[in-house]
Every structure is written in structure tokens, then in C-alpha cells.
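Listed below are the residues making up each chain.
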Amino acid sequence: MSIGGAEIEGIARLARIRIEPADIARHTAELSRILGYVAAMNEVDTTGVEPLAHAIDATATLRADVVTEHVDRDLLQAGAPRVEEGYYLVPRVIE
Amino acid sequence: MFAETVSAIADDLRARRYSSAAVTEHYLERIARLDPALNTYITVCADAARAAAAAADARIARGEGGPLTGVPYANKDIFCTRGLRTSCASRMLDNFVAPYDATVVEKLAAAGMVMLGKTNMDEFAMGSSNETSYYGPVRNPWARERVPGGSSGGSAAAVAARLAPAATGTDTGGSIRQPAALCGVTGLKPTYGRVSRWGMIAFASSLDQGGPMALSAADCALLMNAMAGHCARDSTSVQRPDEDYTRLLDAPLADLRIGLPAEYFAQGLDAGVRAAIEASVEVLKRLGATTREIALPHSRYAIPAYYVVASAECSSNLSRYDGVRFGHRCEDPRDLFDLYTRSRAEGFGAEVQRRIFVGTYALSAGYYDAYYRKAQQLRRLIQQDFVRAFAEVDVILGPTTPGPAFPLGQKTDDPLTMYLSDVYTTAVNLAGLPALSMPAGFVDGLPVGAQVIGNYFDEARLLGVAHRYQQETRWHLARPPQT
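Sequence order for the protein chains is A and B.
With my numbering applied, the first sequence closes on residue 95, and no number is skipped along the way.
With my numbering applied, the second sequence closes on residue 578, and no number is skipped along the way.
Worth flagging that the hints you see were computed from the coordinates, not collected in a lab.
Warning: the hint list may mix true and false statements.
The calculated label-pair distances, taken between Cβ atoms and stated as ranges, are [unchecked claim]:
hint: 1; chain 1: B; residue 1: D142; chain 2: A; residue 2: E50; range: 52 to 58 Å
hint: 2; chain 1: A; residue 1: A64; chain 2: B; residue 2: E338; range: 26 to 32 Å
hint: 3; chain 1: A; residue 1: P51; chain 2: B; residue 2: E159; range: 47 to 53 Å
hint: 4; chain 1: B; residue 1: F97; chain 2: A; residue 2: L76; range: 36 to 42 Å
No residue lacks a Cβ here, since even glycine has one placed at the ideal position from N, Cα and C.
From just these sequences and the hints, can you work out the full model?
Following this line, the structure appears as C-alpha cells:
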């Protein structure tokens, strides 16, 4: 399994992680090698095998629809990089 | 003068041989003196520890002490602690102070335990050597130029070096058992869903499980009594009645059927480790256990399936680090895309980025069936291997790791070589089973761990097997040089 520079740039964009042009070759080599390794899975014929997402049969539990948690906004936002009057600040999105 | 195990310290506190304040001070002094060379702690909370110790002493004086009241311990820095930094060993969370305690932290505090600090780990628990920490690697107390294992390497090394009598860990692909083995301590990964994941920073949610690390199986059982149990805040927490994990500690092993998987003793296993594991089997046989060879035929696909599942879940879980609500934010972002991509590039280390890329690829349009679905199908086959095995045996025993602790830097250049150090541990996470690692000897002065795997919810029996073994051997009490 081998992937190219354009593909790694696409993945980085999806993952929202900036990669430097100088590192593209390293990333493609590493990812290709890991994907090549996990391709060993294809040695096993899994036709008809039900995928297992979760080891324990967990079913979501229901509870009464009442408020049980109260959020202290100031406490929650104390660690935010930029906050003003209870709002998170980000660069302008709409011109 | 001070005892070293959780149970002995608790006995001494109840008998008023010394106070929690005194034993807490003893550990704080040892940390100040010895930890600069080992780097097992990211944060030490001396003042809070002294206050908690004073409260524990008052509780004991009132006659209200429980089995763990006043005993110091450390938390892996992946468990959220209110008012005390929780970094997950990442630059991303270098300034993060959680607004709440994890359920595990809350429960251990309620039991009266005294938190000494937060232990070092691989960044976001992604690693097998503790070398991906933003705060630098932990050194193995047995050989300081070697790794302690990972990702709970700080917890394992702190317990081994007697910088805490016990510590919490988390295990997604072996992160409690592998460092426990490499540092010569006892660590239990419970059945998935036993210990609440609430407030435990997520890596791969269908695999992550918290558990205890200590000097003995008996100590791990005591800690489980306080840590485990249903938690309404974790939707994957199992609903079962609370149980006493110490109840089978002294159970005889006369009828115990041990399965020895051929695949775990095959090529790639260090000869010294093999000899130590075989010797541990002999000890258990002398205690009345019987053995038989079993097959876990899909073992060799555990690491490929694990890396697809874990990376996919990590790429999803770590999308929350956006530089907006908490965590690292880059300087002067040009626009929102620049804010996200630069904050994440600066905040995440190389291994975390690598796994996010693998997971993003595996989940991306057109590749989902070939990777993620395929891995989940193998996960089913791996689980079925265990189900078949447990129809014939009570526990499965083998090595925890293929070799003893490796030198710092030896495997950092090649991610795949590093991944292979988890060759015997990842299948257990995929299947959701409980397993522990217990000290089983030494190779060239380096600890060896034996892994005992149990059927679902059979932790008490695993702890019983390990406890009976630890009554016959002294490996778990060995102390690293210069500690």
C-alpha cells in the first residue's frame, strides 16, 4: 500500500493538522509503511463475519429527562484561549 | 519504618503506628530526592496531599477510616483532577485545568486516599515506551538508560521506585500491563466497562480501560474495590452489582485450568523471558493448577486490527482539540482554518499526529470497508478465539511482553517496531477481557512480567491466581537499585 503526496495533503486537511511541505515525503513514507503492515488483515477471509464494534453488549441506558448537571460557564471557560462576555473568540468567519 | 505495600500501610495507619501525614511526607521527600533522575511525575501536589493526609488522619481518629484511608497514591495524568493541571503529557493540554474530577479520582478521594500527584505517560496514552511525553521520557528504575514501557510508564516506574505505593493507569492496547512488566510491578486491566471512563481523557473509546498498578495483586484488589463500579456518567459502564475483588485472594488453585497459547510462545519471544514464564507456570502447577496448550489462531492479526481501530477512534476523539474552547492555540491565526490546523500541528507530537493521519485515512470515503470494517471483522474473530479457549480453561497465561525493557531511543525511529512491543497485549483489549501482569523474574537484572488473562468479569479470580503466586515468590517485592 503506497500513498502519494497529494493524498497525505488531503488527509492532513481532513484531520485539520498543518503539515510543512518539507515533511510530506516523511509522512507519506510512514503512512505507507503502516498501511502496508496492517494490510496483513487481508490474509484472512472475513466474508460473512459480523463486525465487532464493541466487546461488551452495551445498550444505552435511559434515565428520566430531568436536569442533573449544572454548568458553571465561568469555570468552564477559565481555560479557553480567548473569551469575551461568555463567548469564545475566533477569527472572523463571515465577511 | 514505613511499610511499602498499600495493604501494609493501611494496616499501620489503622493501628496508629504512624499517621497519614507522616507517610505522605515520606513519599513527598522521596519524590523530591529521587524523581528528578526518573521523571515519573509531571505534577506533584504537595500542599493538597498534606491537606488530604490531615483529613484522613482526622477520619481515622474518629474511627471512620476505611481500608484505604490515608494511603498515598498517584494518578496517571490522563485522569481529570479539579483544580490541578491534567496534561495528558501533551503540549496541547499543558495549561489545561479540568473543572471536575474523573469518577476514579472522586472514588479514590472518597475512600480517603491521598493523591501525591500526576504521573508521566506517553502523549495521549499513545506509545509503548513513555518517550512521546511532552515532558520528556521516564527512566526505568531498574536501568536508567532503558524505557519503563508505556503508556502508563510514569505510574509503573513511580510504584517500582517507591515514589508511590500505588498508581492508576489506563490500558488501551497494553498500557497498564506492558509498563508493569517492564518495571516489575503488578497491574490489572479490568474487563471493559468495569471502571468508569468519565473524566479519563479519551484515546480509543471502545478499548480504553482504567485500572490499578501496585506492588502486589492483593493491593490491586483493594484498589479495585474502590475504583470499580457502575457510573451513570459513562454510558459504556457495565451495570453489575459491586463485588469484593479480594474475595478469591486465598482461594486454592487445585482445580485451576491454565491455558498456554502456542502463539504466545512462538518465534520472537526472548529466551530469558520464556524461561521465566515457564518457571512461573511450574510454581502454579505445584499449587495444584493444571495446564494445557490452547490455540488463539488470529493472534497475529491483533496488532494490525488494533492499530486500525485505535487510530480511527483516536482521530475522531482528538478532533475536540480545536484551539477554541480549551488547550493550545497558535499565535495570530489568519482565519479559522489556520487556527485549527496550526494549533493542532503545534499542540500534538509526532506519534499523535501519525495516528490521527492513519485513523483519518482508514475512515475516509472509499477506504472504510478495507480498513475499519475489516479490522472490526478481525476483532470478532479474535474475540471468538478467546471465547472458544475459555470453554476449556479458566485462565490463559503467557508473557506480557516479548522481551525486557529496551534502551531509550532504540525504537523511536520506527513506529512499527514500537507497535510490536504490544504483540501479546492488544488482543485482550479488542476482546474487552480482563488481564493482569505480575512480576515473574529477571533477565539480566531487568524485570519480566507474566500475563494472566481471564474470562469476562473474572478479575477476582485473576487477582487470586496472582496473589497465590506472590505468596510463593518474592519477585514482586524486589526493589530497584539506588531507590
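We went through each hint and held it up to the structure:
1. B:D142 to A:E50: 52 to 58 Å: Given range 52 to 58 Å: holds, Cβ gap about 53 Å.
2. A:A64 to B:E338: 26 to 32 Å: Holds, since A:A64 and B:E338 (Cβ atoms, about 28 Å apart) stay within the stated range.
3. A:P51 to B:E159: 47 to 53 Å: holds, 50 Å
4. B:F97 to A:L76: 36 to 42 Å: Once the Cβ atoms are compared, 41 Å apart, the range 36 to 42 Å for A:L76 and B:F97 holds.
Consistency with the previously given hints is maintained throughout, with no hint failing.
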